[in-house]
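In case you want the letters, here they are:
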Amino acid sequence: MSGQIDEGLRSELQRQGIWVTSMQDLYNWGRRSSIWPLQFGLACCAIEMIATAASRYDLARFGGEIFRPSPRQADLMIVAGTVTKKMAPQIVRLYNQMPDPKYVISMGACAISGGPFKQGYNVLKGIDRYIPVDVYIPGCPPRPEALLHAFMELQRKIDDQKLTGTDRAEHLNAAQPSEFPVPAFGAHDLEPAANPDVFDPPKIERT
Amino acid sequence: MTVESLEQIKARAEAAVPGSEIDIVPNPGPSQQSSLLIDNEHALAVARFLRIDPALRLDFCSNATGVDWLDRTVKKTVKVKKVIDGVEKEVAEPQEEFFPGYLEAVYHLYSMTHKHGPVVIRMRTADRADGAHLPSLTPIWRSAEFQEREIFDLYGIRFDGHPDLRRILMWDEFVDHPMRKDYREPDDYEYEPTPHDDVLEKAKQLYSPRPQLDGAENITAQQQ
Numbered sequence: 028m029s030g031q032i033d034e035g036l037r038s039e040l041q042r043q044g045i046w047v048t049s050m051q052d053l054y055n056w057g058r059r060s061s062i063w064p065l066q067f068g069l070a071c072c073a074i075e076m077i078a079t080a081a082s083r084y085d086l087a088r089f090g091g092e093i094f095r096p097s098p099r100q101a102d103l104m105i106v107a108g109t110v111t112k113k114m115a116p117q118i119v120r121l122y123n124q125m126p127d128p129k130y131v132i133s134m135g136a137c138a139i140s141g142g143p144f145k146q147g148y149n150v151l152k153g154i155d156r157y158i159p160v161d162v163y164i165p166g167c168p169p170r171p172e173a174l175l176h177a178f179m180e181l182q183r184k185i186d187d188q189k190l191t192g193t194d195r196a197e198h199l200n201a202a203q204p205s206e207f208p209v210p211a212f213g214a215h216d217l218e219p220a221a222n223p224d225v226f227d228p229p230k231i232e233r234t
Numbered sequence: 053m054t055v056e057s058l059e060q061i062k063a064r065a066e067a068a069v070p071g072s073e074i075d076i077v078p079n080p081g082p083s084q085q086s087s088l089l090i091d092n093e094h095a096l097a098v099a100r101f102l103r104i105d106p107a108l109r110l111d112f113c114s115n116a117t118g119v120d121w122l123d124r125t126v127k128k129t130v131k132v133k134k135v136i137d138g139v140e141k142e143v144a145e146p147q148e149e150f151f152p153g154y155l156e157a158v159y160h161l162y163s164m165t166h167k168h169g170p171v172v173i174r175m176r177t178a179d180r181a182d183g184a185h186l187p188s189l190t191p192i193w194r195s196a197e198f199q200e201r202e203i204f205d206l207y208g209i210r211f212d213g214h215p216d217l218r219r220i221l222m223w224d225e226f227v228d229h230p231m232r233k234d235y236r237e238p239d240d241y242e243y244e245p246t247p248h249d250d251v252l253e254k255a256k257q258l259y260s261p262r263p264q265l266d267g268a269e270n271i272t273a274q275q276q
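The listed protein sequences correspond, in order, to chains A and B. Every position in the first sequence, counted from 1, becomes a number in my numbering once 27 is added. Every position in the second sequence, counted from 1, becomes a number in my numbering once 52 is added.
Isolated chain B (complex conformation) (with noise of 0.2 Å):
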């Protein structure tokens, strides 16, 4: 990690770039690689901030990828406060909260000058459908120039302002994103002698069921 702590380096990137808020997105998992969550319209101000800025110097993208959010619902008790037959009371009823669902890229800096990272940052679409889109920050990194295609192929987040944005994996025609949680892989599953699992459901779809046996087999097996 830098010498500095996520919480310095976003109270400098915020101060240097007005306007700009910053999250921080907290990892409790044993790696404790907390992330920026930078907003979308100055993601690439603070990106340059963090790429000049004497003490961070974060000149290396080693590494760019996508993350898919479905859309969920999280149910919970919420205890709300009624009148029941005249008389207010605390009634425990279950709500359902909404989260839309958003697709991230989450990019790993470190620094070559300074031999310290990753900083992680992150930035989050308005939503998985038309608003998938990111600013590039292949200006700011040019080895991220590949892997934001990649990920434009396979979770399908367009970068504006990349300056060659194509499928880079799978080929042109495609019009999927694979990695997206809710894609469905085509369907040849004409030939499983092993099926397990998914496999074996999607298998029996295309499985001739076996045929009626009349115990004429049993006779032929005794036989020999």
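Next comes chain A alone, as it looks inside the complex (with noise of 0.2 Å):
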């Protein structure tokens, strides 16, 4: 484990010509190289992620451009843009079809909360209500930049996954759910409105 090498013996030894690893930092490294995003866009945040991965600037220098037109073949799933009600129970479709380990980063005002269409009747106020976020990026929409540092920060949590204890990644814990329920269609507004399991907004107490 990198735990048990001593960072400056480390150094030391690459200084010598000796690499040294472990297997989590290995593994790791190899999937934080090479993130395949879903290749889906709901609004306007669609349009800088083109540009994100477009030549200026170029999210393959982080090992993200293969953009997969199947939720299968999938690590990432950027929500980019505003989720219409009508489209959330797809957006929770493509999540659970996706193989572990998988990720949501939430790009754009709309996604977090519903953004200026939050008072609306027909936009739901952030996907984070029926499905893990890992990295928000606020914004309206937010700049590429704004998408690569999102990118690296993902980088930096999977970087930071441990492989077996208790506080071990989520894919490789049985006990944590991989699929959550998609919600369904009712007369008035999705059924149910957010899923308390994932769901779970900080308390505000003003009088």
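Chain B stretches covered by chain A per the calculated footprint, using a threshold of three residues with CB under 8 Å from any CB of chain A:
no.	stretch
1	218-226
2	231-240
3	243-251
27 Å max Cα-Cα, derived BS3-like pairs, lysine-lysine:
no.	chain 1	residue 1	chain 2	residue 2
4	B	LYS141	B	LYS128
5	B	LYS141	B	LYS131
6	B	LYS256	B	LYS233
7	B	LYS254	A	LYS230
8	A	LYS113	B	LYS233
9	B	LYS141	B	LYS127
10	B	LYS254	A	LYS145
11	A	LYS230	B	LYS256
12	B	LYS233	A	LYS145
13	A	LYS145	A	LYS230
14	A	LYS184	A	LYS230
15	B	LYS128	B	LYS233
16	A	LYS145	B	LYS256
17	A	LYS113	A	LYS145
18	B	LYS127	B	LYS233
19	B	LYS167	B	LYS62
20	B	LYS254	A	LYS113
21	B	LYS254	B	LYS233
Calculated from the structure, these hints are not laboratory results. For clarity, every value in this text was computed on a predicted model and none was experimentally measured. Each residue gets a CB set at the ideal place from its N, CA and C atoms; glycine is no exception.
Quick one: dock chain against chain with the hints and give me the complex.
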């Protein structure tokens, strides 16, 4: 394990031409260097996501350029844009179809909370009502740099994941769910309006 | 606008379609887009006249939308003659006039042939509930098909004669009509960090009240 090797000793060994690593480091390095996003966009944030993947900002520098048109081959879901209530069940279904380990970036004000459409009858007030989100990016829409930053934050998060122990990564813990119930179309709203196992907003106290 | 005035169009349409009644709904705003209110029974025939008449040739329906008019009461004072103490007098009495609500469909018509328009036509339903029926103008202007579906979805006007009247934006299981003025959206305002106005009122019902403080938090603040 990386924790068992003294960092000073490791860098000293590297200077001498001996490269010491651990299974965990190797495993996380491999996963974080090749994150395949699911290829779908919902609104104007998707245009920024396209710009991020294109040559000027070049997501390929971080290993995320292979956008897959099938959830079965994707590691990362970038929820880029407004999630309407009509679209929400499909998003959850796509998430369920992705193989573990899987990550979610909630891109832009709409995907976080509903954004400017929050008071509308037709827009979901945040995708985190139904699926767990790893990184949130504020902005309307966020610039490509912000998406790159979120991508690097996600890589940092993957780097820190443990292979063993009680705090091991979710996909290595059989007790952690990897699929979440798909909301149904109700008479007035989606049913349920949020998944209480996932959605736990901070309590606000106000007189 | 067209070469003809709305009054001329109204007169010619009424002559072409016997029995039809067309009113002019004035619009005193800056746009001056007054419109023709067509009776539902002859709407299809009048619409066909507007389309095929060689001088008008309104062959393009660019826009169809709905309007919701709620029930309203207008308060006014009316002078009434009354006999008071054996003497007839004119007395000002407050009166309330009740106008029942209705739904409206508005169509904006242009002519690609003559490059003129818009001519605005309207139709009104009998009421806002079971009587919310209108004849569909999709047989005349094919472009009205999706827009009439949208009006049906959001306002709840049923278009008789529409080839495929289903919801277009909301899901099929949805029962409300969200653009109606008395629509209330579902109450999912659990997390509102910065609420104000209407949202504040809604969010207040979901907030836990602030706990009673005993002053201890001030002591720690001073020490820091």
